Structures are given as C-alpha cells and as structure tokens.
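Chemist: Sequence:
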Amino acid sequence: MRAVVYRDVRSVDVCEVPDPEVQEETDAVVRITSTALCGTDLHMYDGRTGAQPGLVLGHEPLGVVERVGSAVQTVRPGTRVVIPTHLFCGVCAMCARGLSALCLRARPDGLGAAYGYVGMGPYPGAQAELLRVPWADANCLPLPGEPGDAYEDDFVLLADAFVTGWHAAATLADVRAGDTVAVFGAGTIGLLAAYAAGLLGARTVYSVDHVDARLGKAEELGAVPMDFRQGDPVEQIRADRARRGLPLGEEKLPGVDKVIDAVGFQAHDRAHPDRERADQVLADAARLVNPGGAVAVAGVYPESDSTPQAGGSADGHLDAPWGTFFAKAVALRFGRTHDRRYTRLLRDLVTAGRARPGRIVTHHGSLADAPGCYQRFDRRQDVIKAVLHP
1 MRAVVYRDVR SVDVCEVPDP EVQEETDAVV RITSTALCGT DLHMYDGRTG AQPGLVLGHE
61 PLGVVERVGS AVQTVRPGTR VVIPTHLFCG VCAMCARGLS ALCLRARPDG LGAAYGYVGM
121 GPYPGAQAEL LRVPWADANC LPLPGEPGDA YEDDFVLLAD AFVTGWHAAA TLADVRAGDT
181 VAVFGAGTIG LLAAYAAGLL GARTVYSVDH VDARLGKAEE LGAVPMDFRQ GDPVEQIRAD
241 RARRGLPLGE EKLPGVDKVI DAVGFQAHDR AHPDRERADQ VLADAARLVN PGGAVAVAGV
301 YPESDSTPQA GGSADGHLDA PWGTFFAKAV ALRFGRTHDR RYTRLLRDLV TAGRARPGRI
361 VTHHGSLADA PGCYQRFDRR QDVIKAVLHP
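Letter by letter, the sequence shown follows residues 1 to 390 of full-length UniProt numbering.
Treat each hint with caution, since some may be false.
Unchecked claim - Beta-carbon label-pair distances, calculated as ranges:
#, residue 1, residue 2, range
1, E219, D348, 43 to 49 Å
2, A213, D240, 19 to 25 Å
3, V9, R275, 18 to 24 Å
4, H364, P122, 26 to 32 Å
5, D240, S70, 55 to 61 Å
6, F334, S70, 35 to 41 Å
7, Q52, E24, 23 to 29 Å
8, E251, D319, 48 to 54 Å
9, D46, W322, 25 to 31 Å
10, D232, G353, 38 to 44 Å
11, S70, A213, 45 to 51 Å
12, V300, G231, 25 to 31 Å
13, A213, D369, 17 to 23 Å
14, S366, P144, 23 to 29 Å
The set of hints was computed from the structure by calculation and includes no laboratory data.
All of these numbers come straight from a predicted model, not from anything done at the bench.
Beta carbons: idealized from backbone N, C-alpha and C, even for Gly.
Starting from the given sequences, assemble the full structure and let the hints guide the process.
Modeler: Shown next as structure tokens:
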C-alpha cells in the first residue's frame, strides 16, 4: 500500500510500505477514505520530536472496515467507521474510568498510545491506504452513510480535531451557558474549541490569532476575532467587554470566565514575533481570566523538545504565573482528549444537523499531494485543515 512517510526535517514522501494484517483476533483492517493533517504532525515534520526516517504519519482516520479478526463483534467488512487518535484497550483501569488516552495496555513503555506519533507506541500512522486497528470493538465507531457523502469532512474530524476542541471546552474549561470565553489560537483545535463553546451556550467567545484566514474563519463560526498584531489581546478583550457593558457590580471582573490555550509550546513572543515564547499564552491567560474562572490547556506542551527555540524548553519545564492563578482561585486543567467519551455524542450532533465541524476544512487532496500539503500547512497561513483521500 501507499503511505505518507517521514524522511527528514520538512521532508515527507509517499512510499510503498507493507499492507497491515490482522495480527490478533480483536483486530480490524480499515481502508482509509479520508485522513487529515494535524498541527501535531507538524511537530514531527518540523523536527521537534526526534522522529526517525520511515515513520508513517497521521492519526485522523475515517474509512471502511475491510477485514476483522474472529473475536470482533461490533463491526464487519463494509462498516463505515471513524477511529480515534488514541487507541486503547477498553478494559484497563484507566479505560474503565473513561480515561482512554491514558490506557495502561496500549503502550508497553508508558501511558496511552496513538497512531503515527513519536513516543506513542509502535503503531504506524493513518495517512495511508490501510490501517490496522487493535481492539476494534473499542476503537471503531460505526457511522451512517457512504464514503464521500455530505458528512465526510464532519466525520473525519471525529477522529481527533472536533473531539479535542469539545474536550477543551466542555471538560477542561467546563464551559457553561452564559460564560464568556477566550480561545488563544485559531488553528484547527482553537477554532473547534471556540465552536464547541458556542454550542455549549457561551455568551461571547473570543478567538485570538494573527492570521487573517484563521480570524475570518473564527468569525464565520460565531466567535469575536482578536488580532494580536493590533495590540495586547488581553487589553483588546477587556475593552470589548467594557463596550458590551459589564453587569452592575461586576466591574472588577473585566476579563473572561474561561480561557482555552489552543497554541501550546510554539506560541509566538508578541514582543519579538519572529521568536517563540512557550509561556506566552499562560502568561496572558493569568492576566485575562476572572477570579474563580478556569484555564484549559489543550495545546501541546511536550515532555521534551529535540530542537528547542529561543524562549522554549528542551525538557518541558516552563515558568508559569502560579501566584496569580492561586490568588484568583483559578482551576487549571491539562491533557489529551479521551476520544471515546465524546465520539458517539458528536456523531449524533452531526447527523442531527446540530454541528458541522467540517466547515473548517479548507483543502482536499490525494495521498500523492501530501508533500505539497505539508509544505503549505507548515506556512501556517491559508491552510486551516487539509484532508487527504487515499
């Protein structure tokens, strides 16, 4: 089969690799119809993870089951399925608590596993024609319809992007009806976190970025765009809140109830835009969040960075405004999404017409287009979400 393979820093190829096989009676092999590029793929593409040549990339698969092991009961050949990024056994202590991204069995040397990602287990990625899915009954969510239908872009985002955005808003930030929310970063996850906050009933959602295409998409999804090229985004949001009118007696609450960091360790230093400053968003969040609020960290902060930039950290250690968070009694929550908590709910919102996350998809291509898609996506300008069709 053909697959997208990492070769070197900012270099991927489409190569022939061995077809996956059913190795265990609980496995399935899925033929991929759509597979998306993710910002975390760029961490490897940009040489930030120590990826080795030959790694098959990708962790956002949608497809049709082709073969199953003898013990698989809930899907069969021909079933359309979405497969979560974080594969899991479904029965260990973490999975039993709904913490599937921390599965104890999927990775022998640590917690949790994912397709096509450095340090997340021996599982080839999903930017390929076929994918082996362990524990298929737990990891394959059946879907209605046929490949290429009106739901294709929506359903592929159930593998990771929409699920992560929903996790950030609903669980990490605990967005409630009437909340004011600020999302830093208007890439895929930031946009879908802002979209999820709106679906959850947030009164006002701010989207902070500096890329025109992203800010335009944020506005299209119902958020208030804030361009940090125009000045300190914290002060911009406070000024907008004042213009809208603060409730009587709440003049000391000029910020927002919930802040979502959808940027992570590659945040730009606003004082020096050509440099990274890994703690920039956390510093802004501490200033902006109202007392008693919450800060949700959905952007990736890796345990190690093989090529840290100025303002970054090689070992994952960062300064943070802990005193401010403590004084404001802020709830601070981190973590990868536990995909299968949400996929069934989000599938049903999509099929009911209540959610259309596929609106953020801007580019489509064949598997052969992957090298060019990576190059364009890496510029972090016009490509918001690219989907490949093997």
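Chemist: Now look at each hint and say whether the structure bears it out.
Modeler: How the hints compare with the structure:
In this structure, E219 and D348 break the distance hint of 43 to 49 Å, their C-beta atoms being roughly 27 Å apart. About 22 Å separates the C-beta atoms of A213 and D240, a value consistent with the hinted range of 19 to 25 Å. Taking the beta carbon of each, V9 and R275 are about 19 Å apart, inside 18 to 24 Å as hinted. Distance hint check: the CB atoms of H364 and P122 are about 30 Å apart, consistent with the given range 26 to 32 Å.
Between D240 and S70 the beta carbons are some 59 Å apart, a value that agrees with the proposed interval 55 to 61 Å. Roughly 40 Å separates the CB atoms of F334 and S70, a value that falls within the hinted 35 to 41 Å. At roughly 25 Å, the beta carbons of Q52 and E24 sit within the given window of 23 to 29 Å. Between E251 and D319 the C-beta distance comes to about 31 Å, which lies outside the given range of 48 to 54 Å.
For the pair D46 and W322, the beta carbons lie near 30 Å from each other, so the given range of 25 to 31 Å is met. The hinted window of 38 to 44 Å between D232 and G353 holds, with their beta carbons roughly 39 Å apart. Between S70 and A213 the Cβ separation comes to about 49 Å, which falls inside the hinted range of 45 to 51 Å. Look at V300 against G231: about 27 Å separates their beta carbons, and that is inside 25 to 31 Å.
For the pair A213 and D369, the supplied restraint of 17 to 23 Å holds, since their beta-carbon distance comes to about 19 Å. For the pair S366 and P144, the supplied restraint of 23 to 29 Å holds, since their beta-carbon distance comes to about 25 Å.
Consistency note: the structure conflicts with the earlier hints numbered 1 and 8.
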